[in-house]
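Chemist: Generate coordinates for the entire structure from the input sequences, incorporating the hints supplied.
Quick note, the sequences are listed as chains A, B and C, same order.
Going by the numbering used here, the first residue of the first sequence is number 34, and it counts up by one from there.
Going by the numbering used here, the first residue of the second sequence is number 2, and it counts up by one from there.
Going by the numbering used here, the first residue of the third sequence is number 416, and it counts up by one from there.
By construction, these hints were calculated from the structure, which means they are not laboratory data.
Remember, it's a predicted structure, so these values are computed and weren't measured experimentally.
Using N, Cα and C, we set each Cβ at its ideal position, and we do this for glycine too.
Check the hints yourself; a few may be wrong.
What the hints assert, rightly or not - Here are the simulated SDA-like cross-link-like pairs (lysine to any residue), alpha carbons at most 20 Å apart as the crow flies: (1) A:245 x C:817; (2) C:451 x C:496; (3) A:121 x A:219; (4) B:127 x C:1029; (5) B:127 x C:939.
What the hints assert, rightly or not - One-sided and incomplete, this derived list gives chain C residues near chain B with beta-carbon spacing under 7 Å: (6) 520; (7) 524; (8) 531; (9) 855; (10) 856; (11) 935; (12) 938; (13) 1046; (14) 1061; (15) 1077.
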Amino acid sequence: MNAVSKAKVAMYWAGSCGGCDISLLEIGPHLLELVAAADVVFWPCAADFKYHHVASYPDGYIDLCLFNGSVRNSEQERMARLLRQKSKTLVAYGACAISGGIPALANLATPEELFARSYTDCPSVDNPGGVLPRTETESLVGELEIPHFYPQVLRLSDIVEVDYLIPGCPPQATRVWEVCQAFLGGALPARAHEQLAGCTDKSVCDECTLEKRLVKISGFRRHHEAIPEPGWCLLEQGFVCLGAATRSGCGALCTKVNMPCRGCYGPSGEARDQGAAFIGALGSLLNAELEARAGELIDQIVDPAGTFYRFTMSDGDLKGHR
Amino acid sequence: MADPIAETAAPSPDGWEPRIIAFLCYWCSYTGADNAGTARLKYPHNVHIVRLMCSGRIDPELVTTAFARGADGVMVCGCHIGDCHYISGNHKTMARMPLLRRTLEAFGIEPGRFVFEWVSAAEGEKFARLVRDTVAGVRALGPLDWPGRLRARGVGHGRDLQPWGAQP
Amino acid sequence: MNDAASGARIGVFICHCGGNISDVVDVKRVAEEVGKLPGVVLSTTHMFICSDPGQALVESVIKEHALDRVIVAACSPTLHQMTFRRAIERAGLNQFLFEHVNVREQVSWVTEDPVGATAKATRLVSAAVHRARHLVALDKRRIAIQPAALVIGGGVAGLVAARDLAQRGMKVTLVENRPFLGGRMAQLETVFPTGEKARDLLAPLIEEVVSHKLITVMTNAQVVNSEGVVGDFRTRIRVTPRGVNERLAYRGNAIAACPEETVNEFDFGLSKRKAIYMAYPGCWPPMPAIDWHTCTKCGKCVWAVGGKGIELDAEPREVEVRAGVIVLATGYDPYEPLYGEYGYGIFPRVITLQQLIRYLDPEGPTGGQLPLDGASKPRIGFIYCVGARQIEGVNQRQPDGKVKDYCARTCCTGALHAALTIKDHHPDATIYNLYQDVRTYGRGHEAYYERASESGALFLRFDPRHPPRVEKNPRGDSPVVVQVQDLLTDRLDVELPLDLLVLATGVVPHDISELVGMYRCAVGYDSFLLEVHPKLRPVELAVSGVFLAGCCQGPMDITEAAGAASAAASKAAALIAQGQVEMDPFTARVNEALCTGCQTCLGVCPYTAITRDPVKRIANVNQALCTGCGTCAAACPSKAIEQAGFTDAQVLSEVYALLADRSGAVTA
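Modeler: Quick look at the structure:
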C-alpha cells in the first residue's frame, strides 16, 4: 500500500438484506479509524457514489472491496464483474456472497413458482390482472429496462475470482474489525484464493458453553414449540442446532440466548457441504434401535433441506432444485 | 420367461447409459455382491461399486458428491440391522440415509435414483435383483446430469449467464 | 484436496483368471486404456496373477520399475487381497500401497455384454489408479488370540473337531442345541463302506470328547448372539434346562409315568415318544431330557421317582463363552419331500430313505421289520435324486423359490446300502432302482452298486425331465404303482406295482439363519455355507476366525464330514497357535487441529474407542479398541476424523474417477 495516498475501500450490496452494511457500521468508533486510514470510494448504503463513478476508476483502483449479497440478476452480475475489475482485493462478505445465504433458499423452487407466489398466489397480493414483472416496459419517459432474473441464486465466486471470504449472517463486528486492521496493517495479501477470514477453524460447539450430556435425541422440537432447559446442549434436547457443523467466529451468540445455531458461518473444519456433514452427524445421534423409530424421528424434522442448507444452498454439492 | 437382463441392458437410443455408484460395506453387501458373482447371476454393467469397511462410513457427502459429479443414481447397501460386523455401524446408516433421502427429494432427485437397501453376505440374488431394478428405474427416469444443470445456470467462474426465460 | 503422491509410480496388473475374466472383459484393452493415465508406469495382463509365476512377475516388476503403488485387477479381494499384499511386501513395498480391483465377481461373472463389461472394468481400474495416488504406507496391528475354541454342533463333525482341537491342547466348548450328542449319525443303522454300526462308532468318539479335560460340553444350548472378532469372539449361549439331573435313579419309571406323547423326531415320525425321553439307547448324556413343548408339568414323573432328580421349574440360563476361533458344525437335515411329491404324504407306503433306515434298525421303531403288510415276495422300489439334482421347470419349486439342483452325494450309496440290507433280510424281495445316474463315487462305494446288480436288483434309468409317476394301484394288488419310462430299454414304458416305495431323499442345510447373521457367513446359492475358496481355503469362512466342519458346507458322507472337521480343527488350532492375529490398520485418527470437541463421535463408536481429552477438549481414538469401521469419520461434521485406508481423499478420488467423463469443469 502506498504510504502517501490513502487506501481506497468500497462496500457493495447485491442480493442482500442490508444486514451486512449494518454489520460494518457496527464496528462503531473503529469506523472513524477506518475512514482516517482509507477513503471510501463506493458504498451505496452510506455515501453517494454512482455506477458511472466506479466505471470511471482505473482498473485495480479500489484496494479492498467488501461485496455482500448473492447474485441473482443481471445487475448484480454486472456489479460483481465491474468491482472485480476495479478492485485489488475482492472480499465475499457475509453468507449470501459466499454461499447464497437466505436468498438461495429460493433455489429449492423454480422461478415460475417464485413469481407465482410473489405476484399472484400470496393471500395478501391483489393482482387481478396477473401482472408479472417484465424486463422491458414502456413508460412516460420512454422504454425502461430492469435487470434480468437468473434461474438460481449464485455465489459471488460463481461470477468472478474472489480473494477472501468473511462468513456470517451477518459477520460479527469484532471479527470484521480484525480483518480491517489486518488490511490496514498490510497483513492481508492483496490476492488470495477464497481464503477464509474473520472466523476460526473450529465449530460453534467450541465456543458454546452449553453442557453435553451425551444422550441421544428422542424427539425433535422447533424453538417456538418449547422452552429449552437452560445450560444443556440444544441438539441433545431435540432442537435442530447446526452448531457442530458450523464454523465458529460468532462467539456462539445464538446458543448463548438459547437459540439453536442456524449455521450462518458455513461448514466447519474441512467439510464442504454443510448440509451433508450435518446429516452425517445428526444421523449418529438419534435414539432409535429400529428403522421405523428412526423414520418417526426423522419425520419430525420440518424442511430438512431448508434447515440444513439454510445459508449454504448455493455452496453445497447440489446447490438447488433440479 | 422374459430375460430381465436383456430388457434392462438395452442401450437407450441416444447412447446414454445410466451411471450408478454403489457404496457397499465390505462384510455384508460387498460379499453379497461377490455372492451374486459366484452364483453367476447376471445384471447390467451400470453399477460401479465403491467398497467401504462399514456402511457407517458412508458419509452423506459421498452421495451428494456422486450426484453433483454426474451420477444418475446412487446405491447405499449395508448389513441388515442386527448383522453389522461392527455391531451397530449400520444403525447410523439407518438414520442418515432416510434423512438424506428426504433432503435429496427436496432437491428434486427422484426416490428411484437413491436406493438404500440392506444386503447380507448371503443375499447375492437380492443384490442382483436390486441392481437390475435400480438400473431399470434410473433408465426410465433418464439422465440426471447435475453438472450440466449447474453449468447451464451459471455455477462456476466467468460463465456467460443466460437470464431465466431466455433458455430453451 | 492435495494429491498425496503426485509423483507416484503405479503398476497395474490385470488378471485373465484363465479366461474367467478375459472371456468377457477385454483385459488387454483395459490395460491399454489404464496405461494412459498419468503416473501409470506399467500396465499389463497375466493369465493367473495369483499363481507363483504371476506373483513373481509382480515382485520383479516392482523392483525393475521402482514402483511405489500396485494395482491388481482380478477376483474379489476377499480371496486374494492378502496374496498380493504379501507379494508386494516381499518386493520391499509397504503392503498397503496396494489396490485390489474386483473384475471377476463384480464384472466378468455378472455381465453378459462384453463391451459394457470392458468399459466398467476400465472405469473401476482407473478409479483404483486415482485412489492409489492418495494411498500412504500403513502398519498392521496385532491382537492377542484367546487360546480357546467354540464348536457349534454336536454331531460327528463337531465331535471330531472338538476332539482334534483338544488333542492339540486347546480349550474347547462344544455346544449342541438338542439335548443329546450324536447328531444325524446316531439315526443311521450301519454305515457304508465298512458296514459298521453307526452308534458303535459314535460311542467311543463321544466318550473321548466328554471325558477330555479340556472340553466343556453343553447340550440343550443355543447360541443367542455373538460379538467381537477373530481372537476374541464373545458368544452368549442360552442353556435350556434339561429338567433332569444326575440324582435321577429310576428313569424308566419316570418315562413310563409320563402321560404326554409326541412325534419322535429321532424316528422321522415313525414312532412316538414321551415328553421326558431318551433319544436312543446308549445316548449321551445317559439320562433323559424333558421336551418343554410337550411337557405339561403335570408332575407324574416326579411322583414316580419319589421327587429325586427331576426339576420341572428350572429356569434357562445364559452364559458367555469367550473364544479366539469358532468352528461351525451345524450339519444338515434330510430333504423333506413336498406333499404329493412321488406320492409322499398321500400313500403311507411311500417313505423316505431316512425312514427306511429307521425301519431297518433292529433298535428302531419296528425292531427291524419293514412295513410290508405281510407281502411274501415284497416288491420294493427306490426313486433316486428326490430333492436333489432338480430341474427348474420340471420339479416343483421349494418354499424358498428355488429347486434343489445340486447332487446330495450320499443318497446313491446310502440307498444301495439299504437295498442290500433288505436283500439280506428278504432274499425273495424284488428291488427296483429308478435312477438318473448312479453316483457311487467314493472308495468302496462302487462295490455296493456291483453287489446290488449281482443280487438281482433291477435298475431302470429315467430321464430327469420325465420323472416317474406314483399312483394308486387301480387293481389293488399293491399299495402303489409307479409308471416310469426306462431309458435303458429305449424308453419302454414300465409299470411297477410296489409294496414299498423308498424316496432316496437329498440333503439340505440345517436352518442356521441366525448364526449366518451373527457370524456374517457367506451362503451359496444352494443355501449351504460358502468357504473362502473351494481349493485354497476350503474350510474357512470369509469372516476371519470362523471355520466350517461337515455338512453345513454341503452334502458329505461321514468320512468327508470327519475329514472336513479335522481340517477345520487344524486350521483353527494353527490360528490359535500363532498367539496373535494381524489386524488391518484401517483405524480412525483425529486431526487435532480440526477437532472442535463437539463430542458427536463419542456416542457413535460401538467399541467405546473414542474418549474426550479433558485438557485439549478434543476427541481421542484408542487405537487398540478401534476396529476400523469408519462410522465416526462419517459422523464428524468437521471432517476432523479420518479413517486410515478410507480417507475422504481416497474415497472421493475413486468417486471422481468413476464419474470423470460426466463431471465437466464444475468446481465443487
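Chemist: For every hint, state whether the structure bears it out.
Modeler: A quick look at each hint next to the structure:
1. A:245 x C:817: violated, 53 Å
2. C:451 x C:496: Distance ~25 Å between residue 451 of chain C and residue 496 of chain C Cα, so the pair is violated.
3. A:121 x A:219: holds, 13 Å
4. B:127 x C:1029: With Cα atoms ~47 Å apart, residue 127 of chain B and residue 1029 of chain C exceed 20 Å; violated.
5. B:127 x C:939: Given pair residue 127 of chain B, residue 939 of chain C holds - Cα atoms ~13 Å apart, limit 20 Å.
6. 520: holds, 3 Å
7. 524: This interface hint holds because 4 Å falls under the 7 Å limit.
8. 531: holds, 4 Å
9. 855: violated, 29 Å
10. 856: Hint violated; residue 856 of chain C Cβ to chain B Cβ min 24 Å, cut 7 Å.
11. 935: holds, 5 Å
12. 938: At 3 Å from the nearest chain B Cβ, residue 938 of chain C passes the 7 Å test, so the hint holds.
13. 1046: At 3 Å from the nearest chain B Cβ, residue 1046 of chain C passes the 7 Å test, so the hint holds.
14. 1061: holds, 6 Å
15. 1077: With Cβ-Cβ at 3 Å, under 7 Å, it holds.
Checked against the numbered hints listed earlier, the structure breaks hints 1, 2, 4, 9 and 10; every other hint is satisfied.
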